[in-house]
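2 protein chains.
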Amino acid sequence: MKCRSCRAKAVIEVRRHNAGFCAECFVTYCRNQVSRAIDEHKMMVPGERALVAVSGGKDSLALWDLLVDLGYDADGLYIGLGIAGYSEPSGTYARAFAAQKGTRLVEVDLPRDFGYDVRSGAAADKRVPCSACGLSKRHIFDRSAVEGGYDVVATGHNLDDEAAVLLGNLLHWDLAYLARQRPALPGRDGFPRKVKPLVRLSERETAAYCILRGIDYQVEECPMSAGNKHLGYKDALNAIEERSPGSKAAFYSGFLERGSGLGAEVAEQEREGLHPCPSCGAPTVAPLCAFCRLVERAARASSDKGEPPKRIPVAVATVGSGLGPRDEDPGGQERAGGSGT
Amino acid sequence: MKCRSCRAKAVIEVRRHNAGFCAECFVTYCRNQVSRAIDEHKMMVPGERALVAVSGGKDSLALWDLLVDLGYDADGLYIGLGIAGYSEPSGTYARAFAAQKGTRLVEVDLPRDFGYDVRSGAAADKRVPCSACGLSKRHIFDRSAVEGGYDVVATGHNLDDEAAVLLGNLLHWDLAYLARQRPALPGRDGFPRKVKPLVRLSERETAAYCILRGIDYQVEECPMSAGNKHLGYKDALNAIEERSPGSKAAFYSGFLERGSGLGAEVAEQEREGLHPCPSCGAPTVAPLCAFCRLVERAARASSDKGEPPKRIPVAVATVGSGLGPRDEDPGGQERAGGSGT
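Residue numbers (numbering that gives the first Met the number 0), protein chains in the order written: chain A, 0 to 340; chain B, 0 to 340.
One thing to keep in mind: the hints can contain errors.
Copies of one chain are not kept apart here, so a pair can be met inside one copy or by any two copies together.
Claimed, not checked - List of simulated lysine to any residue pairs, SDA-like, C-alpha gap at most 25 Å: (1) K228 <-> W172; (2) K8 <-> I214; (3) K125 <-> D303; (4) K125 <-> G245.
None of these hints come from the bench; they were simulated from the model.
Please construct the entire structure, taking both the sequences and the accompanying hints into account.
In structure tokens, the structure reads:
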């Protein structure tokens with residue numbers, strides 16, 4: 000197979016485009032796809048400050064690399080989740096990339112800064128680990144962007160992620176989640192815009208991008224995600240894609256073009272019920288937002304065990320009635336499937 | 000496991016209801032599910048005449064049996080498709096059931112009455128076999144119901160069929176198909192209502208129903224359907240159902256409850272462009288409806304081979320600008336996945 004662009008020997012085939020690329024042209028292809036997604040969905044413009052949610056995995060490191068190379072002012076944010084055997088090497092990959100690229104990495108550590116890790120937080124708040132993790136990350140993305148004066152939070156959700164989340168939202172016909180599942184959510188009331196510049200690239204492509212660019216990344220899946228529903232939806236769509244290459248891209252782009260009105264009313268009604276959390280300022284319908292509740296419960300569980308109290312999270316004083324993640328997450332980006340880092 | 004209803008030993012488990020049933024209570028459960036679907040979606044009332052589309056498979060024979068036992072006036076319609084090794088035994092099962100039950104079976108034979116079989120019709124009309132088959136069956140259901148003075152055509156689409164068709168329609172975001180994917184489509188302009196009374200039963204349940212009721216049915220899948228997309232969608236949903244029993248039912252019922260507005264405008268626009276086919280009276284946007292075109296092309300292909308001409312289909316003289324199956328089927332029930340017989 001030859002490279003579609005330069006006719007050299009291809010090193011990768013992209014079946015849904017019925018095309019092959021050599022290493023150099025594949026990197027250009029990835030840049031073009033990201034550029035196109037950014038323009039199509041008005042994600043950001045040069046001169047704005049972006050905070051990239053970085054996990055140390057292929058998607059987030061590819062995203063960071065691509066944004067910097069496309070000329071965007073993009074810092075990284077790494078959140079240590081306290082997952083034994085997983086978080087530590089993940090952080091190492093993120094730091095190594097930042098050092099190599101000469102970019103700035105902001106770090107937050109759940110155990111150090113908020114007194115819990117994913118496992119203990121999930122147990123204290125009676126959630127599955129992926130739910131506690133997603134809630135924590137979305138909250139901290141928002142808060143860190145506000146504190147650091149960033150215009151936009153960029154996450155590494157790729158086409159496979161978005162198609163799987165869409166399938167999950169449709170299997171439940173969750174209109175509020177469907178209304179919020181957009182590649183770019185506008186900023187509101189002091190909270191930053193949220194964008195997903197990788198929605199035109201599959202996870203196989205972000206992995207190939209990292210390999211071809213010499214970016215070392217965390218290859219392991221998070222040990223806490225095994226068996227979660229999102230992975231089941233991915234498997235189901237992979238089987239369909241295998242039979243009909245292009246199915247996922249058609250599914251997701253068809254939704255953006257023709258399904259975009261779904262749930263708009265429900266989402267608007269939900270937004271009307273929001274008020275700022277008295278502790279942190281994030282929008283919520285409950286007396287205390289879901290994140291502050293989790294932190295409080297985790298602190299109680301840990302003091303029950305006789306452990307010393309940890310630092311209490313600081314309120315985001317600059318924020319009024321913003322639209323960010325909150326109780327069961329009507330302000331967040333979607334139901335399940337990780338937070339795109 | 001014990002029967003949910005009478006506490007006797009269960010012979011079948013229905014995982015999505017977290018219930019087991021003995022043979023007798025399972026038959027009652029099936030009747031109740033069909034009764035509930037008929038009432039919920041206003042499918043028909045006692046006294047109306049129903050024509051059941053019967054293929055000789057488990058779904059259509061279970062449907063026919065259930066409707067008769069529920070007291071409905073239901074005749075069967077069997078269409079011989081001319082598929083070697085498959086159609087002949089299928090017809091035998093349908094006739095045996097009718098004889099055993101003492102009900103009337105109307106028969107139409109594609110080769111005898113229309114001069115083609117599924118394979119030759121598909122080849123002449125440059126369609127995949129499942130498309131030529133579905134088009135033919137939907138047209139003949141409608142026409143036979145009109146000619147026989149039936150109020151309603153009942154097809155054996157079960158929950159698995161409907162969920163798989165829904166997934167296919169969503170993967171393509173085909174709004175017109177989504178708008179028409181209802182358990183009951185009202186009659187219009189002389190064409191009968193179309194209903195799917197098995198939408199609350201899975202295909203495992205219709206198979207068990209036949210076994211427990213001693214109904215012999217065609218067990219083989221149609222040899223022409225191997226590898227079609229609909230079966231791929233079923234596999235994908237089966238994998239999801241296996242992890243989370245109840246997913247399919249929630250997907251389909253959620254769509255009916257919350258996705259029902261999808262595509263209404265598109266479907267209305269399509270309907271406005273319809274006119275009666277000059278040859279048969281079925282609604283179409285083309286000069287000749289898709290069915291009459293298929294018949295014409297099949298006749299031409301067969302005369303090119305020097306075969307004698309077959310009987311030319313008779314126009315449905317009683318029908319004006321009805322809404323039935325037509326060109327690429329905006330009047331039909333859905334995109335793919337068989338015709339529920």
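Against the structure, the hints:
Taking identical chains as interchangeable, the C-alpha atoms of K228 and W172 lie at most 25 Å apart whether they share a chain (15 Å) or sit on different chains (23 Å). Only within a single protomer do K8 and I214 lie at most 25 Å apart by alpha-carbon distance; the minimum there is 22 Å, versus 61 Å between protomers. For a Cα distance limit of 25 Å, the shortest separation of K125 from D303 inside one copy, 16 Å, qualifies, whereas the shortest one across copies, 73 Å, does not. Taking identical chains as interchangeable, the C-alpha atoms of K125 and G245 lie at most 25 Å apart only when they sit on different chains, with a minimum of 23 Å there against 39 Å within one chain.
In terms of the numbered hints stated before, the structure departs from none.
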